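Novice: Chain by chain, the residues run as shown.
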Amino acid sequence: MTLWIRTWQLGVKSLLLHPLRSLLTVLGIFIGVASVIWLLAIGEGISKKAQEQIEGLGADNIIVRSIKPPNESTPDSRGPVPYGVTRDDYYRLTETINTVDRALPIRELRRQFRNNDRLVDGRLVGCTPEYAQVTHLEVDRGHFISDAELEQKEKACALAAEVAERLFPFENPLGQTVRVEDDYYVVVGVMKPREASAGIGGSLAAQEFSDDVYIPITTLWTRIGDFIVTRRSGSWEGEIVQLSQITLRVNSVDDVVATADLVRTILASKHRIADYAITVPLDLLEQAKTTRLMFIVFMGLIAAISLVVGGIGIMNIMLATVTERTREIGIRRALGAKRRDITRQFLAETIVLSIVGGLTGVLGGLTCGFVTDWLRMALENLFPQVMESLPDVVRTISPKVVPWSIPMAFGISVGVGLIFGLYPATRAAAMDPIEALRHE
Amino acid sequence: MNLAFRVEELKKDYLLGGETVHALRGVTIEVPEGDYVAIMGPSGSGKSTLLNLLGCLDRPTSGSYFLGGDDVAKMTDDRLSEVRANRIGFVFQSYNLIAQLTVVENIEVPLYYGSRLNSTTRARCHKLAEMVGLGDRLRHRPTQLSGGQQQRAAIARSLVNDPYFILADEPTGNLDSVTSGEILDLLSRLNREEGKTVIMVTHEEDVAERAKRIIRLKDGLLQSDVRR
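One line per chain: the protein sequences are L and A, in this order. Residues 1 to 440 (the working numbering) are what the first sequence spells out, left to right. Residues 441 to 668 (the working numbering) are what the second sequence spells out, left to right.
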C-alpha cells in the first residue's frame, strides 16, 4: 500500500520537474477526451432535433403532395397546366383503403392578407377542421375552422399567431375581417406559435407555420378555384391544381408501411407523370435513426483518432524522459530496484498524465453546451451577417452531452496512457544497470 | 573470523564486436568482515568488471561469489536486486544521488526497494545524515549541495541497509584534495569505529594508502594482494 502511494508521489514529483512538458502532454489527452464528448454531444444534438421535427409530422401519417412537373414532361406548354393530386384521388384513397383512419385534403396558395393598410404576405391554407389536430396546432383564442363552416363554405379564417400580431397589432382580431383578393374573411380563431417541422415533398426547406391563414377548403374551392395565375418574368402562367396535399392518417403505426405501398399503387395507376410525391414520416424517422448511428460512429472515429494522437504524444514524451533519465534508472537499479519497480515507476507517470488529461478533458467536454451558447451569442453580436447566412442546423445547434460518452472517454484516455506508456516503461526496465550507470 | 564475502575462480567474458574479451580470467579473493581493501589496476585490468560483479550488477561467466552463504553467481535478476537493496552499499565517483529527491529521501531509497521503509528505519536515515554531518541539510536537494556534501549523503545512503560491505568506486575522483581527505577520513572512521567493511576501487596511490590491504589486478588476474 505504502509502496503504491510512494510510487504515485514519485510520479507526480518527477512530472513536476518539467511542468511545461507535462502540461503539453496532458493537453494532448485533454483535447482528445474533450473532443470525444463534444463531437458526440453535437451529433446527438443535431440528430435529436431532426428526429423531433420528423416526429412533428406524425409517425402514423402518410403525406401525398403535389409537385409541379418539369416543363418538358407536359405535352402542351401553352395554356394552363393541370397537375397534382385531385379531388378524385382524395375520394379514391379514402374509400378504397380501409386502414386509413381519416384523410385531410389541403390546398395551399401564396396570397396577400390585408387589414386596411396593413399587409402580410403569407400562405393561405384551405383545410378541414382536423388539420389543426394532425399538424399539432393549438388554438390560442376563438376556435379553428369548424365542421359547420366547412359545410356552409363560410368565409371564416383562423390566423397564425404571427399573422394576427402583424395584421392586428392593437386590437382583438376575433370578429375582424381579413381581405384576401376581393373577399373578406371573418377571423374566428388565433393559433399559438408553432415550431417549424421537417421539410417534406422532396423539398429540403422546413415547413413554416408562422405566416399561415386557415380557411375551409370548400370555401377556397368556391371562392378561388383550382385555376391560379402567377406572373413570372413578364409572362403569365396558369396552373390548375386541385389539392396541394393529402395527409392520410393510418389506423395504427404498424400499418403505415403497407398502406403507403397501397397509396403508391393507386396513385401510380391514375397519374401518367410524376406530379406528386409521397412522404412517409415513419421512413424518415427510421432513416434519421440510421443517420444518427452513422453520425455517432463517424464522430467517434474522429475523436478516437485525436485520442490516439494524444497517446502518441504521451509515448513520445515518455521515451524522451526514459532516455533522459537513464542515469537515474541505473542508480535505482544499483540501489535495489527490480525491473518491475522501474516499469511501475514510469507507468505511474503516464497514468498520472492520462488521468489528469482525462479528468480535465471531461470537465472541458461538459462545458460544450455553455460554450456553444456563448459562441452563438458572440457571433450574433459581432458578425450578424455571417450568422444570418449560416444554415439553420448550425445556427440552432444545441449539443446534448451523451451520458455514456463521459466514462467512455475517460476510460479510453487512461487505457491509451497505459498502452502507450507500457513500451517506454518496459524499455526503461530492460536497461542494463551497468550501461545505465555509465550514461552521461 | 566471519567473511564479508569470498570469490572463487571468478571469470567473466564479454562479447565485443564478435570477439570474446576475457575481462576476468580467474580471480580468488577472501575479504573478512571489518577489512578495508583498495582495488587498483590500470584500465583494462578488469577492475571495473570485478566491481560490477562484487556489486551484484552482473553475473560471472564462471566461478562462485559467496555473499552471506549464498552463491550470487546463480541468482536471478530479481534476487540480485534484492541483494543490492539489502546487502550492498554503493558509493560512486559521481555521487549518483537522485535529483528530484531530498537528502533524506535519497538515503531512504535502498530501504524503499528492500521494502524495509518504516518509522524506525526512517529515524535511522536521519541519524545517518547527522552522522555524516548533513543534519542541517535534510530537506535539501542534491543540486543545493557541494560535491563533498553530496558524497557524504551518498555514504549515508550506502550505510542505511546495514550492508555486508561498502563498495566505493573512485569515491574521491570528482573532489578536490581537501574534500577528498574529509571523505577518506569518513570512510576510515566508519571502518575503524563502526567496523564497516570497505571495498574501494581507485587508481590513486595516496588514496589506496588509506586502506589496510591493497589488491592489484592486471590483465584480468590478481597481480598482488598486500596487507599493510
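Hints are computed from structural coordinates only; laboratory data are not their basis. The structure displayed is predicted, hence computed values, not measured ones. All C-beta atoms, glycine included, are put in the ideal place defined by N, C-alpha and C. Incorrect hints may appear among the rest.
[What the hints assert, rightly or not] Some but not every residue of chain L turned toward chain A, in silico, with C-beta under 7 Å:
#1 Ser14
#2 Leu17
#3 Arg21
#4 Leu24
#5 Asp117
#6 Leu119
#7 Ala334
#8 Gly336
#9 Lys338
[Unchecked claim] Sample of chain L residues lacking proximity to chain A, with all beta carbon distances greater than 10 Å (derived):
#10 Ile97
#11 Val120
#12 Phe168
#13 Leu382
#14 Pro403
#15 Ile434
Novice: Now, for every hint given, state plainly whether the structure supports it.
Specialist: Evaluated hints:
1. Look at Ser14 (chain L): its Cβ gets to within about 6 Å of chain A, closer than 7 Å, so that hint holds up.
2. The beta carbon of Leu17 (chain L) comes within 5 Å of a beta carbon in chain A, closer than 7 Å, and the hint placing it at the interface holds.
3. Because the beta carbon of Arg21 (chain L) sits about 14 Å from the nearest beta carbon in chain A, more than 7 Å, this interface hint is broken.
4. At its closest, the beta carbon of Leu24 (chain L) sits 19 Å from a beta carbon of chain A; the interface hint therefore is violated under the 7 Å criterion.
5. Hint on Asp117 (chain L) is violated. Least Cβ distance to chain A is approximately 84 Å, over the 7 Å limit.
6. Nearest Cβ of chain A to the Cβ of Leu119 (chain L): about 80 Å, over the 7 Å cut. The hint is violated.
7. Because the beta carbon of Ala334 (chain L) sits about 5 Å from the nearest beta carbon in chain A, less than 7 Å, this interface hint is met.
8. Interface restraint check for Gly336 (chain L): the shortest CB-CB distance to chain A comes to about 2 Å, inside 7 Å, so the restraint holds.
9. For Lys338 (chain L), the interface hint holds, the least distance from its beta-carbon to any beta-carbon of chain A being 4 Å, beneath 7 Å.
10. Against chain A, the non-interface label of Ile97 (chain L) holds: every CB pair exceeds 10 Å, the least being about 81 Å.
11. Every C-beta of chain A lies more than 10 Å from that of Val120 (chain L), the closest at about 76 Å, which supports listing it as non-interface.
12. Every beta carbon of chain A lies more than 10 Å from that of Phe168 (chain L), the smallest distance being close to 79 Å; the non-interface claim holds.
13. Interface exclusion of Leu382 (chain L) from chain A stands, the closest Cβ pair being 48 Å apart, more than 10 Å.
14. Every Cβ of chain A is farther than 10 Å from the Cβ of Pro403 (chain L); the closest lies at roughly 40 Å, confirming the non-interface assignment.
15. In this structure Ile434 (chain L) is not separated from chain A by more than 10 Å, as the shortest Cβ-Cβ distance comes to only about 5 Å.
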